[in-house]
Amino acid sequence: MEDEKCFMSSEEWQIVSFTVGMAVLSTALILPAGVALAWSLARLRWRGKALVETFVALPLVLPPVVTGLVLLRLCGRRGPVGHWFYSKFNLDIVFTWRAVALALAVMSFPLLVRTVRTAIEEVNPALEQIARTLGAGEWRVAFTITLPLAKRGLLAGVLLAFARALGEFGATIMVAGNIPGATTTLSTDIYQLVQLGEDSHAWRLAAISLALAFAAVWASGCLMRRPHT
Amino acid sequence: MFDEASPHMIEGISADFVRRFAGGPEIRVEALQTPADAGVTVVFGASGAGKSTVLRCLAGLERPDEGTIRFGQETWFDSGRSVFVPPRKRRVGFVPQDYSLFPHMSVERNIGYGLIELPAMERRSRIRETILWLGLEGLERRLPLELSGGQQQRVALARAVARRPCMLLLDEPLASLDTPTRVRLRGELRRLLRQLAIPTLLVTHDRTEALALGDDLVVMDEGKNVQHGLVHEVFSRPVSLAVAGIVAVETVQPGVVVENGELVTVAVGDRKLTALGNELPAGAREVYVCIRAEDVILMKGEATQNSARNCLPAVVHGLTREGPIVRIDLDCGFPLRAMLTNQACEELELQINQSVLALVKAPQVHLIPRSA
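Residue numbers (the working numbering), protein chains in the order written: chain P, 194 to 422; chain D, 95 to 466.
Please note: incorrect hints may appear among the correct ones.
Residues from chain D shown here face chain P by an in silico Cβ test under 8 angstroms; the list is partial [to be verified]: (1) Leu155; (2) Phe178; (3) Arg182; (4) Val186; (5) Tyr207; (6) Ser401; (7) Cys405; (8) Gly412.
Each pair of labels, with its calculated beta carbon distance range [stated by the list, open to error]: (9) Ala226/P / Ala116/D: 32 to 42 angstroms; (10) Pro129/D / Thr311/P: 30 to 40 angstroms; (11) Val179/D / Trp332/P: 34 to 44 angstroms; (12) Asn317/P / Gly412/D: 44 to 54 angstroms; (13) Gly174/D / Trp239/P: 25 to 35 angstroms; (14) Arg333/P / Asn372/D: 19 to 29 angstroms; (15) Pro225/P / Val333/D: 53 to 63 angstroms; (16) Pro225/P / Glu223/D: 52 to 62 angstroms; (17) Pro129/D / Lys242/P: 53 to 63 angstroms; (18) Leu324/D / Pro225/P: 33 to 43 angstroms; (19) Asn317/P / Asp425/D: 51 to 61 angstroms; (20) Arg278/D / Asn317/P: 41 to 51 angstroms.
Keep in mind the hints are simulated off the structure, nothing from the lab. Using N, Cα and C, we set each Cβ at its ideal position, and we do this for glycine too.
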């Protein structure tokens, strides 16, 4: 093999960086909304809360290909979201990198919300109340008391969401396909390579996936265990 | 500390409200009025009597179901007019039982948390001033976890007073401390509250604390405020059997220490009593003298030799039968209450206006210091 002297071939490098980049992008996209939703689920009482909770948890339990199919229908050029996006920006969503980011975001959103919600619920509300008696408004309470004290859970949630995005397959292949150099991620490429009988190549990518997943879970575990400072 | 003119006039709370809990008790506060001076009003009662709920309603952390809460001219809550001032606008200093220090902030940042509106310079000097005043020098950078219970209490107090609140609300400020620390800090807290000169409402279930820290006393029973008055008046003249049961000490009289050694001599009016000095700080002068009715022994006739240190000539003023027990009101220069069985009372043939001798052993005369 010509690339033997290098750790990864340029093609592999493209796929790994694309996958990691998409996972980072999707996690960054869902972070503000995810934390806001987690906070309101943990701290506020509102109508329709149970409904929203169930809806957000759906991607966890639905077969990923079903989620992908729904996204495909919504975001195709004739779907409501896709139509609006096309008329506004003259851009397609499905079968582009945007569809990859969307699929990863939708699939990892529930993990982020659940983890962050639990972390926020563990913060003693008495501390928030004291902050209010000291003149703090709700934003200040959230950003100086609640979120800093939920910091570890927050980071763990981000890492979990990121790790889930790295490995996403079913929804991605439905809504973004497997277009080499455009929408191919680690998972879809491995699948493709095995189909083509290129097992050794597939194993190399599998090893890379394992290393990435291991690093993410390891980091998240370290953050959870570290005592409060 | 607060040598410059306080931005707030000293005013009192007037509250009349009901707070209901689903399937639980009902907290009903009627015509609660704290004095418009810088004194300490103690809210006293057994656990579960609703004391903390009252405090939380005043702080705005809980919303009563109906009624009104006013502070001076301000209305903090009025169910009829849908007024509810949120806690951040009430300017009360709240110190909860567990202190609730922010665990991720240093002592300094905890104290400065409520001073965000101040310009940076003024903020820093206010923090400094508060730290010095509460004796927290050297602990500025510590985290709450690295503080002792007593230090945590002072930081919580510092955080509450740094904003110069118009009212201080303290929920069982000494309850989470171990006994020796509690005894030591009781005197210190009294001194701090005196110096602060901020009207204070303090919740406690501890009799000694109520006597040592309070000027006024509000007794709570089953969710209701049942009696309000000067501390020793409430303790000596409970309005009902329920209150008498709660306060439990029947005789409480202000006294002055005349001699403080192994034995302490205290003057109550023109009578002198002897007590043990174990718990009394060396410089204490003003005290409350507490005697439980069941510790008073009555004798007829001459004072023959006996072991009791206190032997007081007294006149019977009242006899109240409560089942097998008779409560006897005596006058021995100050009002003293005794408790005898029916049988003992009959054997002594006690009658109104009869002269007797009241005997109390020195260890049963409890002294509670009123000044540090």
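Exercise. Checking against the hints above, which ones are violated?
Worked result: Hints 2, 6, 7, 8, 10, 11, 14, 16, 17, 18 and 20 contradicted; others consistent.
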